[in-house]
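Since the structure of chain B is already known, use the hints to place chain H on it.
Chain residues, written in single-letter form:
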Amino acid sequence: MTPAMLVLVAPETETPAQAITPDALLVRAGSGDQEAFAALYDAMAPRVLGLVRRLLVDPAQSEEVAQEVFLEVWQQAPRFDPAKGAAAAWMLTLAHRRAVDRIRSAQSARDRDVAAGHRELAGDVPDPSESVEIRLEHERVARALGGLADAQRESIELAYYGGLTQREIAERLDVPLGTVKTRIRDGMGRLRDALGVTT
Amino acid sequence: MTERDREELEALAAAGALDALDDEERAVLEGARAADPELDRSATAYDEAAAVLGAAAEPVAPPPAMRDALLARIAQTPQVAPESAAAPESTDAPESTDAPQQTDAPQQTDAPQQTDVTAQAPPSATAPHAAPAPADGPASERARRRWGVRTAAVVASVAAAAALLVGGIALGGGFAGTQDTPEQVVAEISAAPDAQRQSVRLDDGATATLVWSDEQDRSALLVDELPALGDDETYEAWVITEAGISAAGLFDAGADGLTVHLIDGAPAGATIGVTVEPAGGSDQPTTDPIIAIPTA
Chain B
404 MTPAMLVLVA PETETPAQAI TPDALLVRAG SGDQEAFAAL YDAMAPRVLG
454 LVRRLLVDPA QSEEVAQEVF LEVWQQAPRF DPAKGAAAAW MLTLAHRRAV
504 DRIRSAQSAR DRDVAAGHRE LAGDVPDPSE SVEIRLEHER VARALGGLAD
554 AQRESIELAY YGGLTQREIA ERLDVPLGTV KTRIRDGMGR LRDALGVTT
Chain H
-7 MTERDREELE ALAAAGALDA LDDEERAVLE GARAADPELD RSATAYDEAA
43 AVLGAAAEPV APPPAMRDAL LARIAQTPQV APESAAAPES TDAPESTDAP
93 QQTDAPQQTD APQQTDVTAQ APPSATAPHA APAPADGPAS ERARRRWGVR
143 TAAVVASVAA AAALLVGGIA LGGGFAGTQD TPEQVVAEIS AAPDAQRQSV
193 RLDDGATATL VWSDEQDRSA LLVDELPALG DDETYEAWVI TEAGISAAGL
243 FDAGADGLTV HLIDGAPAGA TIGVTVEPAG GSDQPTTDPI IAIPTA
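From first to last, the protein sequence lines are chains B and H.
The first sequence finishes on residue 602 if you use our numbering, and the numbering steps up by one all the way, no holes.
The second sequence finishes on residue 288 if you use our numbering, and the numbering steps up by one all the way, no holes.
Chain B with its partners taken away, still in its complex shape (with noise of 0.2 Å):
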């Protein structure tokens, strides 16, 4: 099932398309639809931009990874299908996937400041230009990653913001890596259904 919260809009777009989910412009697009396509790029770009560089840091490597993502998207769009999942939660995994591709590919991982990608979450103040939708869904995560236990949440803001595979993370903390494993299956199975995410 995927989460109504999911369906997201640009915070400041005000064009017509703002009312046209992602869904129908990804579906459109995979006709081969370059307006369509536009119109996706313009709600879905300031996110995929976002989580690139909450990972990269780097403002310009931020930008061309993104650029590769909506590249990849348009490409494979004609293979999008609506029913296995929101076209935004797949555009944000494949700007993740790429994200860390490029860190890994790098072997940055060791030079960036991680830290620089691992800020506490839950205690993030609220950017007051932020608009509705993106502070709810800001305070539902907090929420969410507040609701597991320390070392569970570690593991997992380690992992996906900070770009580490588990054994960068038991390596980091100084902890068995199989301790990680399990850390992670619990922490993202509490995730999951504080999320609403459900099979």
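You can trust all of the hints, since none of them are fake.
Derived EDC-like pairs (lysine to aspartate or glutamate); straight-line CA-CA distance at most 16 Å:
hint	chain 1	residue 1	chain 2	residue 2
1	B	Lys487	B	Asp426
2	B	Lys487	H	Asp32
3	B	Lys487	H	Glu30
I should point out that these hints are in silico values taken from the structure, not numbers from a laboratory.
Positioned in the frame of chain B, the structure of chain H alone reads:
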């Protein structure tokens, strides 16, 4: 499947949603998802939970130039054929599942970890003063032996390959051009329904990727962070088969940290290699390979 296997796959799916798996684990997960609808549903739920984490990241407004460049680019970029019922994400799966199969390669004794393709290449291979190979036999024989050994070093880093590939397009710049730039050819090959790719990770963490299409009968080699050579040297690509080694063109390191070299024809199971040769190229390799990408 035992209860323990099931739990391990669940754990793999949970970590996979965070992209916290290494290449080998990722390949195992993709294969298991493809074979097990129940696991696939479960993994999808983890993926969506992770996407919610992604949605909570602070949005960043992209520069207007990014939009213009992208829209110009897609106007020239073909899309994949829709016939596959697969969701977009799962297009990675068939390639990912190749990874475990490579453990069956005759010379492969290790798990498909990155045992450094260039580990045995002398530093001179990328330095301006590469010494000619010692004359202890035909260069091609030695090269083939070396490449054969290196088959074991392949890592099918599909995700990395895809990133590099699309990265190549972006890094190529030149969005304004309408000619078939190498980057454009790469995009066309990779958009072919039968496009295939294979990657190896090099010693320094860089990646070399070959993408090809039998239908289009052409291939493209992409290498990131290839060092520039002096005027007296050149990179030369080779097609290595049981029958022998044939030259596949000379090229220089790309300007933007990414090198693209186009090769006529699909590899048809051959190994594609790269050596550093004297300016003007050689008939047969004279130095140790710095890259070898098996496609069998």
